[in-house]
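Novice: On the provided structure of chain A, position chain B as indicated by the hints.
Which chain is which? The protein sequence lines are A and B, in order.
Number 368 in the UniProt record's numbering belongs to position 368 of the first sequence; there are no gaps in the numbering.
Number 236 in the UniProt record's numbering belongs to position 236 of the second sequence; there are no gaps in the numbering.
Think of the hints as simulated: they come from the structure by calculation, not from any bench.
All the pointers check out, no bait thrown in.
Calculated from the model, a selection of chain A residues having no Cβ within reach of chain B, i.e. all distances over 12 angstroms:
| # | residue |
| --- | --- |
| 1 | D2 |
| 2 | E41 |
| 3 | E178 |
| 4 | D180 |
| 5 | K296 |
| 6 | D396 |
| 7 | G452 |
| 8 | F455 |
Just some of the chain B residues that point at chain A, by a computed CB distance under 8 angstroms:
| # | residue |
| --- | --- |
| 9 | G107 |
| 10 | A129 |
| 11 | D165 |
| 12 | F166 |
| 13 | N168 |
| 14 | S187 |
| 15 | E189 |
| 16 | A212 |
| 17 | C239 |
| 18 | P280 |
| 19 | D284 |
| 20 | A288 |
| 21 | D368 |
By construction, the Cβ of each residue, glycine as well, lies at the ideal position given by its N, Cα and C atoms.
Below, each chain spelled out in residue letters.
2 protein chains.
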Amino acid sequence: MDIEALKRELDGIRIEDNPAIVQQRSRDFYWYSPVLKRQLEHVTGDLIVSPKDEAEVVRVLAACFSHGVPVTPRGTGTGNYGQAMPLSGGVVLSLAEMNEVRAIAPGRVVCGPGAILADIDRATKAHSAQELRLHPSTYNTASIGGFIAGGSGGVGSINFGGLRDFGNVIRLRVVTMEADPKVLELSGEDLHKVTHAYGTNGIITEVEMPLAAAYDWVDVIVGFDRFSDAARYGNALACQDGILTKLITPVAAPAPWLYFKRHQKFLHEGLSVVVCMVAPHALDAFRAFTRRERGKVIFDASLVEDRKGLPPAYELAWNHTTLRALRVDPSITYLQSLYPFPHQLDLVERVDGLFPEVTSHLEFVRFDGNITCFGLPLVKFTTEQRLDEIVRLYEDNGCPIFNPHRYTLEEGGMKQTDEIQLAFKRRADPQGLLNPGKMIAWENPGYDYRSGKTFLFKGLER
Amino acid sequence: MDIEALKRELDGIRIEDNPAIVQQRSRDFYWYSPVLKRQLEHVTGDLIVSPKDEAEVVRVLAACFSHGVPVTPRGTGTGNYGQAMPLSGGVVLSLAEMNEVRAIAPGRVVCGPGAILADIDRATKAHSAQELRLHPSTYNTASIGGFIAGGSGGVGSINFGGLRDFGNVIRLRVVTMEADPKVLELSGEDLHKVTHAYGTNGIITEVEMPLAAAYDWVDVIVGFDRFSDAARYGNALACQDGILTKLITPVAAPAPWLYFKRHQKFLHEGLSVVVCMVAPHALDAFRAFTRRERGKVIFDASLVEDRKGLPPAYELAWNHTTLRALRVDPSITYLQSLYPFPHQLDLVERVDGLFPEVTSHLEFVRFDGNITCFGLPLVKFTTEQRLDEIVRLYEDNGCPIFNPHRYTLEEGGMKQTDEIQLAFKRRADPQGLLNPGKMIAWENPGYDYRSGKTFLFKGLER
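Bound-form chain A, shown alone (with noise of 0.2 angstroms):
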């Protein structure tokens, strides 16, 4: 890699190569996991190039061609799985700086890969009321073409379901790896050769995303004795048709009471909670359907006035729930499972229930139509070895494990080649420099996925 060809060719394109630099911008929250931690320190790219439109792209992209250096796509570098870790080295492409909201209609935004979530909800709000239907619990800091591309869903799948489900992004402009870059439209079934294929296949330089209706979520937090009674009144909310959330987010004793620090106050050690949004024209329908069910509410915003320093419900969900245990205690880690529909209940009991070192956290969710949860337990980790047997308990007893702890596509994945991701990789990064070692069925064709083992891309030997 000529890198200082390379530079000189960028002349003009906003360029970063202080190496202390480089190396942070070269990392995500892969320290979620030991064994991310462990096998991607070292990872550090050569340069940080941040173009500021489609044009720059195009420039950057076929000047890296032309060198044979790769290229390794990052918004704001808040994935957990080094999806933005370039592991070839080369350069990390910050979108960051295309962060501008370009056009908002009725139930559309379009802008720039880099613009921060929040940032495009407070612009589409002020415009007409509406925001984006799914976010991450990383709303403040995350970007939208970052979700897209490393993302899965979030906050707001209650009601859409997954990013990758038809409807849930509209339009993305994808810029292809050739000498002579081309720049393409997708849309309809086409966006699933990009989405979620961690940049390997195409840099993405707009998107149109679905917006819906905006409202002031009311924050509300419903305590129960015991986690299979907050478990059931989730999924039972869940099933509210008629009751509007955002967010329905069960969470074990006694996880609330160590880890979220600063809602200490509402709760007590035995406490599990489910961690609630609510629209507030749902409230009353929420408040009585809780009488109904026997929840207590032990923290409601609209009734809290002084509401200084908490944080908002979406960063104590998701991978946030992780982030405040981790702070608390650095041993902990996570999974990411599915408690299929319709026995999900059974299941978090049974399966999370088999390992003592899991606290369970669900997360509810509408997957193909149906109301089911994701699981997002923590896990006292130990070693790697016993982090493996877990997972694969939950997935002997039909639980699905979408593996944090995997940095390529396919292990965090379906564990099966994506032919629709794999086909169009060939056709728009021919030469395999689009974020190399994280799409196994680019790197290793023939690769077992049933082996048992961990891929190792040849890149990050040592």
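Specialist: Relative to chain A, chain B alone:
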């Protein structure tokens, strides 16, 4: 009943006593049912009273109470079960004049009971791009109070379930029928006391309803050679959490060709269809999904320039399907069935298929958090005995029938006493003067719903 004395007491309140007009306004669309047509044709009130505000409602009720005159409330008379027909004569209380839209806020509208659904939406759309969550196919003529008191769901139920689900009505003001009528505000679980009670236990004088984001819904019709494929497609579309629709209505051949006259040029005799309303920003995804499912879009309002004379999609659906069939073939009537989740598709095929005189018509909805469908099968009527036999066979096969050939709450509903409504009626209408004959539990507490007989209100005996 001393109607003349009552009239004097109502001085200053708008009254109509022309017998022809009174009879006309004592009717609803009960004639969809040949059974109700026979039973109720002679029903008429003595007087139409049209209060202009709540104070006048209170005056009317007090006066009627003191004279022992029955009061049957009425919106615009678009019901199908004689809900608003005064079985014991007396006053028909028209709430049509109380049609003001009083307040609009994010997620909420407050209005009088007589406000027409389409008029409410015109106001809320102009105010803040919002619209009602649910409406019947009689959107352009039905009143909100009548919908709440006599309806159960409709267009939009695919997103929000039914009217009686928590959250689909926010608040009601209700006037009781006593010497000194009380004005009550009901919310939360108390709403159940008066929703879908046909006005038997209080007169609604104000409603507060939840709103959703308003869109310029696009009418699309998808065609299939086999009805089972249409039903399967409708179910799969309903399970697409990211594709925002408001209506998913499969109708079996040859009904579309025979009865959707204005759309006939898009149809042919053997074509079964799925009538949809799709949000504009979901169209790309809808089309991609429909292609994948091998559905053929035979009508897309966004691509048809001359739509003059074409009714909106919702006027092909719910009970407008029946109406269109009736207009062509007066021997057609219908039933209302539920195909319980998760066996809805099998049940449709099995149960509708039992009867040569039944043509399938489904409406996909959310029901307790699941996607399933109601049926409004078109039935070629021969005799009441045969109709009862069909009802029995539906129920024997596990498909509850909400019988539209009965004028009582119980027989058209759950075939059991609604203890909450009955208890509330004891307080709110101690003399049983509100819409007599509609609540069996009141008229005949010992009634045996399993007798197989039809309840005959004594006031209808001749």
